[in-house]
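Please assemble the complex out of the two chains, which come individually in their own frames, going by the hints.
Take a look at the letters that make up each chain.
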Amino acid sequence: MPKVKVPRKSTTVDMTAMTDVAFLLLTFFMLATKFKPDEPVVVDTPSSISEIKLPESDIIQITLDKTDRIFYSVDGQHTREEVLKRMSEKYKVTFTDKQIKEFSLLSTFGVPIAQLPQLLDTKPEDRAKVDQKGVPCDSLNNELADWIWQTRLVNNNVRVAVKGDRETSMPVVKKVIATLQDKKVNRFNFITSMERPE
Amino acid sequence: MAEIEGGGGGGGKHKGGKKRGKKLSTRVDFTPMVDLGFLLITFFMLTTSMNKPQTMEINMPVKDEVEEKDKPKIKASQAITLLLAKDDKVVYYFVDVVTGEPGPPMITDYSKGGVRATLIKENRLRNPNLDSITVYKRMLNEGAINEEKYRGYISNIKSYKDGLIVIIKAADNAKYKNMIDILDEMLICNIGRYAIVDISDIEKDMLKTVNLQ
Numbered sequence: 001m002p003k004v005k006v007p008r009k010s011t012t013v014d015m016t017a018m019t020d021v022a023f024l025l026l027t028f029f030m031l032a033t034k035f036k037p038d039e040p041v042v043v044d045t046p047s048s049i050s051e052i053k054l055p056e057s058d059i060i061q062i063t064l065d066k067t068d069r070i071f072y073s074v075d076g077q078h079t080r081e082e083v084l085k086r087m088s089e090k091y092k093v094t095f096t097d098k099q100i101k102e103f104s105l106l107s108t109f110g111v112p113i114a115q116l117p118q119l120l121d122t123k124p125e126d127r128a129k130v131d132q133k134g135v136p137c138d139s140l141n142n143e144l145a146d147w148i149w150q151t152r153l154v155n156n157n158v159r160v161a162v163k164g165d166r167e168t169s170m171p172v173v174k175k176v177i178a179t180l181q182d183k184k185v186n187r188f189n190f191i192t193s194m195e196r197p198e
Numbered sequence: 001m002a003e004i005e006g007g008g009g010g011g012g013k014h015k016g017g018k019k020r021g022k023k024l025s026t027r028v029d030f031t032p033m034v035d036l037g038f039l040l041i042t043f044f045m046l047t048t049s050m051n052k053p054q055t056m057e058i059n060m061p062v063k064d065e066v067e068e069k070d071k072p073k074i075k076a077s078q079a080i081t082l083l084l085a086k087d088d089k090v091v092y093y094f095v096d097v098v099t100g101e102p103g104p105p106m107i108t109d110y111s112k113g114g115v116r117a118t119l120i121k122e123n124r125l126r127n128p129n130l131d132s133i134t135v136y137k138r139m140l141n142e143g144a145i146n147e148e149k150y151r152g153y154i155s156n157i158k159s160y161k162d163g164l165i166v167i168i169k170a171a172d173n174a175k176y177k178n179m180i181d182i183l184d185e186m187l188i189c190n191i192g193r194y195a196i197v198d199i200s201d202i203e204k205d206m207l208k209t210v211n212l213q
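If you read the sequences in order, they're chains A and B.
With this note's numbering, the residue at position 123 of the first sequence is 123, and numbering never jumps.
With this note's numbering, the residue at position 199 of the second sequence is 199, and numbering never jumps.
Chain B extracted, bound-state conformation (with noise of 0.2 Å):
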C-alpha cells in the first residue's frame, strides 16, 4: 500500500539545537475525490444514453406513376379490408366474391385475440404454408439453418401467390399508435403483402353505421 513514512521519520530524526520545521504527514484523503467520480458518473447516466432507438421500416408505393389499368388485380377472395376507427377499434370486411359489394362490417380491436386472431385464420385458410414458419423460427433457433435460409424459406411462403392481402385504410379519428400496431400485427401474423390507402367515403358510411364514425 503506498503509504508515506512522514511522521513518524521526522519525530525520529529530531536533532536537538537545529531548527526543524515540524513535518506535516504527506496522507491525502481521497474520499473527496471518490464523491466527485460518482457524482459525474451519475450525470453521465442520466444524461446520455446507450440505446439506440427501434424503428419500423416502411416501403411506400411510388405515386402516380403506376397507370390504373397496369395495377395487378387481386381477387375479392384474396383481400380483407381493415378500417382503423376510433377508441382502439378495428372494422374488417371482405369483398363478397359474388356480388363485388362489401361484406357485413365486423367489429374487433387490437388485442391478441382480436384482429391477430382473425388475421392469422384468413391467411392460414389462403395459405397452406403458413404453419412451417413456426417450424422455420424453431429449426433457426436450434442452429440447424442459418438466418440467410430461414429469411429466403420465410420470404417464400410470405409470397404465397394467393395467401392474404391486407388493405389499411385509416379514419381520421385514428390514432398513430393504432397504424403502429396494425403494422406490428402485419408483422407478427407474416403477412405478405399489405397496402395503406385512404379511406373512401363507402367505408365512412359503414363506419356511420356501426356507430364509429
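The following block holds chain A by itself, in its conformation from the complex (with noise of 0.2 Å):
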C-alpha cells in the first residue's frame, strides 16, 4: 500500500495585522467623534434644507419635547457652576458643594429650581427614571427667564439653540420665543435635521 502522507498545513492565522487595523479605527472613532450628551428626553426635529452647522462651544440648548416640557442645558463645567450660584441667591434655594458638582456634570435637567437639589441627589442611573416636569415659563413664574439671564451674565458670547419636537404646540414655542425676545435675545438658532431640497 503506498503511503500517502497528506501534507499537514498549518491552520493558525496570524492575527497580528487583524489587531493592528482594529485598533486604527478604534483610534479614529475616540479622536474623532464626542460622546453623545445623555438627554433625559429623546426629541424627533423636524427637517430642514438649511445646512448651517451649531456652533461647538458656548451653547445654552433649550430642549422641547412632544410633551411640551422645557429643558435647559448650557455647556462648560464652569458656567453651569457659576449660573447655579448665582440662581441658588435668587431663588434661595441652597445647594451643597456636592450637589454644585454634580449639577456642573450634568447636561440637561427640566425641573423647577426648587425640585433641583433632590434631582441632584438622585444617582445618575436612576435620574432617567425621574419623571421631569419642565423648566417653568409661565408668567407668574418664568424661571427659564432667569437661567438665561443668568447664564449670559456668566458667559457673554452663548448662542441660544432651540431644540424642538416636531409635535410640539406652537404656543409653548411662542411662549419661549416671547421669553427670549424679553432676554433681549434676538438672534437664535433652532436646531433641525438634514433635508434633500426637492
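If you are wondering where the hints come from, they were derived from the structure by calculation, not from laboratory data.
Quick caveat, the model's predicted, so the values are computed rather than measured.
Backbone N, C-alpha and C fix where the C-beta goes; we use that ideal spot for every residue, glycine too.
It is possible that part of the hints are untrue.
Pairs of lysine-lysine residues, derived as PhoX-like cross-links and limited to a Cα-Cα distance of at most 20 Å, are as follows [unchecked claim]:
{"id": "1", "chain 1": "B", "residue 1": "169", "chain 2": "A", "residue 2": "174"}
{"id": "2", "chain 1": "A", "residue 1": "174", "chain 2": "B", "residue 2": "89"}
{"id": "3", "chain 1": "A", "residue 1": "175", "chain 2": "B", "residue 2": "169"}
{"id": "4", "chain 1": "A", "residue 1": "36", "chain 2": "A", "residue 2": "129"}
Anything over 10 Å on all C-beta distances counts as not near chain B; from chain A, calculated [unchecked claim]:
{"id": "5", "residue": "9"}
{"id": "6", "residue": "81"}
{"id": "7", "residue": "82"}
{"id": "8", "residue": "94"}
As C-alpha cells, this is what we get:
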C-alpha cells in the first residue's frame, strides 16, 4: 500500500495585522467623535434644508419635547457652576458643594429650581426614571427667563439654540420665543435634521 | 513574519543527562485581542456622534423699542399673510388694495404644490429678477462666480423694494414642525422679508369660518 502522507498545513492564521486594523479604527473613533450627551428625553426634530452648523461651544440649548416640557442645558462646567450659584442666590434655594459638583456634570435638566437639589441627589442611573416636569415658563413664574439671563451674565458669548420636537405645540414655542425676546435675545437658532431640497 | 522558534530549537538542542525544562511554544494567539478591539469599536460607534446638528438661524425684531408710527409702512399689495392652522394646513389671504379689508381665505398645505407654488407665483409677480436666482446658482455650481459674489447678488435680489413680504401667524393648534416647514419655505422660495407675529382675533374667526379653528 503506498503511503500517501497528506502534507499537514498549519491552521493558525497570524492575527497581528487584524489587531492593527482594529486599533486604528478605534483610535479614529476615539479622536473624531464626541460622546452623545444623555438627554432625559428623546426629541424628534423636524427637517429643514438649512445647512448651517451649530457652533461647538458656548451654547444654551432649550429642548422642547412633544409633551411641551421645557429642558434647559448650557455647556461648560465652569459656566454651569457659576449659573447655579447665582440662581440659588436669587431663588433662595441652597445647594451643597456635592450638589453643585453634580450639577456641573449634568447636561440637561427640566425641573423647577425648588426640585433641583432632589434631582441632583438621585444617582445618574436613576435619574432617567425621574419624571421631570419641565422648567416653568409661565407669566407668574418664568424660571426659564432667569436661567437664560444669568447664563448670559456669566458668559456673554452664548448662543441660544432651540431644539423642538415635531409635535410640540405652538403656544409653548411662542412662550419660549417671547421669553427670549424679553431677555434681549433676538438672534437664535432652531436645531433641525437634514433634508434634501426637492 | 514575527515567529519565535521556541519549541523547535529546544527540541534540537536537547542534551542527554542535563535537566532541561521543556521549552514551551511562545506563539500567542491574537484572536481574543481582535474581539476586544472590535467590541470597543462597536461601543464607540454607538455611543458617540460624529455629525454636528444642523440649525436654522432666526432673527426676531427687537421688542417694544420701535414706536408704532416709526414702523415702515408696507403696501397692502405687497403682503401675504399665512396662518398656520391645525392638521398641517395653511390658510392665506391678501389684504384687498381697495378696501383695506382681508380678502377671502384660501386653504393650502405644505406640499410642493401647496404653499410653495403660491409663494413662488406671488413672489415672481412682484419681483421680476427672481428667476435670475436659478441662473446665479448654476453659475456658482459651475464655478463662474465665487461664493461671496453669489451671496451679494442673491441678497440684492431678495431685498428688492417691491418684493413679496410674508407675515406668518401661527394658531395655537399648529405644531412646531409647521413653523419650521414655513421657515424652510422662506428659504426655498427666496423670500426677502418675513415676520413671525401673533395671531389676532379676526384671524381666529377667519379660521373658524373655514372650519380649521
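Is the straight-line distance between the alpha-carbon of residue 174 of chain A and that of residue 89 of chain B 20 Å or less?
19 Å, holds
Nearest-CB test (10 Å) between chain B and residue 94 of chain A:
35 Å, holds
Does residue 174 of chain A sit within 20 Å of residue 169 of chain B, going by the straight-line distance between their CA atoms?
11 Å, holds
Least C-beta distance from residue 81 of chain A to chain B larger than 10 Å:
25 Å, holds
Quick one, are residue 175 of chain A and residue 169 of chain B close enough, alpha carbons at most 20 Å?
Distance of about 14 Å is within 20 Å: holds.
Given the hinted pair residue 36 of chain A and residue 129 of chain A, is their Cα-Cα distance within 20 Å?
Cα-Cα ~19 Å, so holds.
Outside-interface status for residue 9 of chain A - nearest CB in chain B farther than 10 Å:
Its Cβ never comes within 10 Å of chain B, the nearest being 15 Å, so this holds.
Chain B versus residue 82 of chain A - minimum CB to CB distance exceeding 10 Å, so not interface
At roughly 25 Å from the nearest Cβ of chain B, residue 82 of chain A sits farther out than 10 Å, so the non-interface label holds.
Hint check: no violations occur; every hint is consistent with the structure.
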